[in-house]
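Chemist: The lines below spell out each chain.
2 protein chains.
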Amino acid sequence: MATELKNLTKRSENYSQWYNELVVKADLAEQSAVRGCMVIKPYGYAIWEKMQRTLDTMFKETGVQNTYFPLLIPKSYLCREAEHVEGFAKECAVVTHYRLKNDPNGTGVVVDPDARLEEELIIRPTSETIIWGTYKNWIQSYRDLPVLCNQWANVMRWEMRTRMFLRTAEFLWQEGHCAHATAEESEARTVQMINLYAQFAEKYMAMPVITGVKSANERFAGALNTYTIEAMMQDGKALQSGTSHNLGQNFGKAFDVTFVNKDNKPEYVWGNSWGVSTRLMGALIMSHSDDNGLVLPPHLAPIQVVIVPIFKNAEQLAEITKTVNPIVDELRALGISVKYDDADNKRPGFKFADYELKGIPVRLAIGARDIANGTVEVMRRDTLEKQIEPLEGIAKFVADLLEEIQNNIYQKALKHREEMTRTVETYDEFKTEIEKGGFILAHWDGTTETEEKIKEETKATIRCIPLDGDTTPGKCMVTGKPSARRVIFARNY
Amino acid sequence: MATELKNLTKRSENYSQWYNELVVKADLAEQSAVRGCMVIKPYGYAIWEKMQRTLDTMFKETGVQNTYFPLLIPKSYLCREAEHVEGFAKECAVVTHYRLKNDPNGTGVVVDPDARLEEELIIRPTSETIIWGTYKNWIQSYRDLPVLCNQWANVMRWEMRTRMFLRTAEFLWQEGHCAHATAEESEARTVQMINLYAQFAEKYMAMPVITGVKSANERFAGALNTYTIEAMMQDGKALQSGTSHNLGQNFGKAFDVTFVNKDNKPEYVWGNSWGVSTRLMGALIMSHSDDNGLVLPPHLAPIQVVIVPIFKNAEQLAEITKTVNPIVDELRALGISVKYDDADNKRPGFKFADYELKGIPVRLAIGARDIANGTVEVMRRDTLEKQIEPLEGIAKFVADLLEEIQNNIYQKALKHREEMTRTVETYDEFKTEIEKGGFILAHWDGTTETEEKIKEETKATIRCIPLDGDTTPGKCMVTGKPSARRVIFARNY
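Heads up: the sequence lines are chains A and B, in that order.
Position one of the first sequence corresponds to residue 1 (my numbering), numbered consecutively onward.
Position one of the second sequence corresponds to residue 1 (my numbering), numbered consecutively onward.
Isolated chain A, as found in the complex:
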């Protein structure tokens, strides 16, 4: 019905087109007039807001505090850390002037050449440089450490090929930036945050992830080590969903941030940074949704339950409403968000299709006959199954069903990932298997050369060296050189 109504492309026909259409048709986001920048619409933003609130609470429980650092970064700051500038310089939006003036040769306005900045400013692609430039003034002694800051912010990376939520020139994210007195403490925080992201992905997004370490090639520009969570989308491609970087003393050194340690000796400060972005919206969509539209995990759905009355006239509606009102109250008292859609200018069939498209986890439909029978029709969005349930105790039933749906879509995604994960021994086998999508566990000699060769020949990258799983050594599938353990290869978003 939703598919007919909204004419959504089937996943099996063209997965990429299905995604692009769904983002727009489900009212999540749309392209803006500015190349590569999107408008996040109210429904999409409401989901992002639920993610934000949840993560924000989780961060604060670990002692992290929110802050706000400037949007603009002096060009010279970006250059202080050699790898960092190398990684970001080629995709920076640059502010060169601070004023427009009336066009002397016509109408409209032009850049005022007299208002050129002495030093160009960069719109932050990430904030390590401006933040470590500030930390220099905050940190003198080990007593000032750790500093555990986070900010929710917009950032900009001038990507050439963009896709809504997955890769946009401007995106929203959070970036945590911690400063520590010891290498051990900084490493522990780096790992703590990637584990927090994994917990969020699995518990709230119902999205299984593999936690691991990036190869040198895929590391954050300026990090010693990057931890990642990698999820598998329905089409078998990998999506990097969150990263946590151990920066060692790189930014401490670049910005001369030192502290006097417990032995009264000066030392460079140790740091880490970690972030997730609106990319998670793309991950959420491609983990669970189907040909009828979005499938949202109940823990992140802005509306968890919708109730649609089936009525022929105002009298019937009034009777249904009388029955529904206490159910709405009861559901809300259980902390469940409910919408009672009694609009009379849309037919139930239209409403059903629309709520399917929007991924509302549970739909209750109730008509005059149901009231006579003391029943209600319950539809769960994940399986599209309908069942008739007694009105008596329906709130509790729905509360349990929401948890069952949350668990079911997680298990479904996990099963999909497991089915799409294979182990290969030879490079030939690898080349065949990678065409089928999914994660391939293979031995690799640990060199960037081999990694680059594989990428060039198969478009597959090393997603991560998993923290868990089989650690048996072997021989690289390409060079035959020793391999410490199998790593995960995939094509990716």
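Just so you know, the hints here were simulated from the structure itself, not pulled from any lab data.
Wrong hints could be hidden among the right ones.
Identical copies go unnamed one by one, so any copy, or any two together, can satisfy a pair.
[As the list claims (entries may be wrong)] Under the rule of at most 25 Å between Cα atoms (straight-line distance), these lysine-lysine pairs were calculated in the BS3-like manner: (1) Lys339 to Lys322; (2) Lys50 to Lys475; (3) Lys351 to Lys60; (4) Lys386 to Lys412; (5) Lys396 to Lys436; (6) Lys346 to Lys265; (7) Lys136 to Lys346; (8) Lys50 to Lys60; (9) Lys386 to Lys415; (10) Lys351 to Lys262; (11) Lys101 to Lys90.
On the provided structure of chain A, position chain B as indicated by the hints.
Modeler: Showing chain B alone in chain A's frame:
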């Protein structure tokens, strides 16, 4: 004690310096490496976050939804509304390039001349243009209206003279943008939102405000009418604290946003926009704080109660902690945020001064003798008064005290404003009175010429034409021409 410790300038010596010092010493914010941009530190951000959460809930209760529109605006968009571009073009940060490259003549990076944008992009000074450009695609029929969107965002206006929170190049704010089918509905929403701001200011910030209409001269660039809330700071200067603009059909016309009305005829959409910013932080500070530091209204204090144990040894501390723990639990159960500061590396006197500086509304101090007596010392920050209270029932006592403090600082600010508000008849009288600060109620002929003359000669501006109060007509104090009613003049931030 705090003053000694932190060496804060007295308000009577130099109010402006007191403000600047307090912002830094209370750990609210500091200057950044980027001219005119500040870093909002964790404590300052926590207060802003409480403001945000409160306002966000209030907005949503009126049907407003959050969204996100792009940071960058094409230059041509800005020019679509003539007054709007006139108002903002002279303070715009302009992005001209999207890439840096290695400096061919040395180290570091330079702007890549090959990466020049075809059309320059402006960092939003406000988002009417990009939003109305988008609304064009959202609105076809009266059934699509109203559209009630808000965003929490950073904006940039290249101000030449900046002061932290009060006037910064980049600031944080929310901007609401509503589209309506009728002029009446749009006007009603414009007024609804200024009233919401007034309610927030008075109920949460404990800051009395006068709601009124701006003169044509002080109107938002592109509005038919601007409503404002004006507060009086301790030094008698006015601070514009929130505005709501009736945009009429100006942006509907500029961006060709039309809809088919109920009579099946095309019509331009009616609009309004409304916003408050981190400027409210400055207003909060200058409404209540004193020579010992911040005074925060309990409804916005991130920590409402601090408990400081007075102990000589670990044994005493353990005993105090045993008594304090259930009190902490009880306070939290009442929804009160409490910090129990049992750190043993700082003396109580240091802690007292620090919490005074930070404006924690209530401090409890408890020592071995108090436990023996079943009492606790309670200090309220607004009056700095101490009293001994029984431990029995202390949570309830504190809860009531917080409300009393909230009310007391509001009343104090209101009394101050009333004492500093005078009515004058002649321009000579006006010139004398304006030197003493405060609000001056005077007759004005309604012309921009007279308004400009007064501003030039006295540095006073018309803050607003109040919605309430005396509406007796009279004669302009400057020209003697007819005046519809008295308006409020003041010098302002």
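Chemist: Does each hint hold? Answer for all of them.
Modeler: Each hint tested on the structure:
no.: 1; hint: Lys339 to Lys322; verdict: within (15 Å within a copy, 47 Å between copies)
no.: 2; hint: Lys50 to Lys475; verdict: neither (45 Å within a copy, 57 Å between copies)
no.: 3; hint: Lys351 to Lys60; verdict: between (39 Å within a copy, 23 Å between copies)
no.: 4; hint: Lys386 to Lys412; verdict: within (19 Å within a copy, 62 Å between copies)
no.: 5; hint: Lys396 to Lys436; verdict: neither (43 Å within a copy, 66 Å between copies)
no.: 6; hint: Lys346 to Lys265; verdict: between (73 Å within a copy, 23 Å between copies)
no.: 7; hint: Lys136 to Lys346; verdict: between (60 Å within a copy, 24 Å between copies)
no.: 8; hint: Lys50 to Lys60; verdict: both (16 Å within a copy, 14 Å between copies)
no.: 9; hint: Lys386 to Lys415; verdict: within (24 Å within a copy, 64 Å between copies)
no.: 10; hint: Lys351 to Lys262; verdict: between (65 Å within a copy, 23 Å between copies)
no.: 11; hint: Lys101 to Lys90; verdict: between (29 Å within a copy, 7 Å between copies)
In this structure, the hints that do not hold are numbers 2, 5, in rising order.
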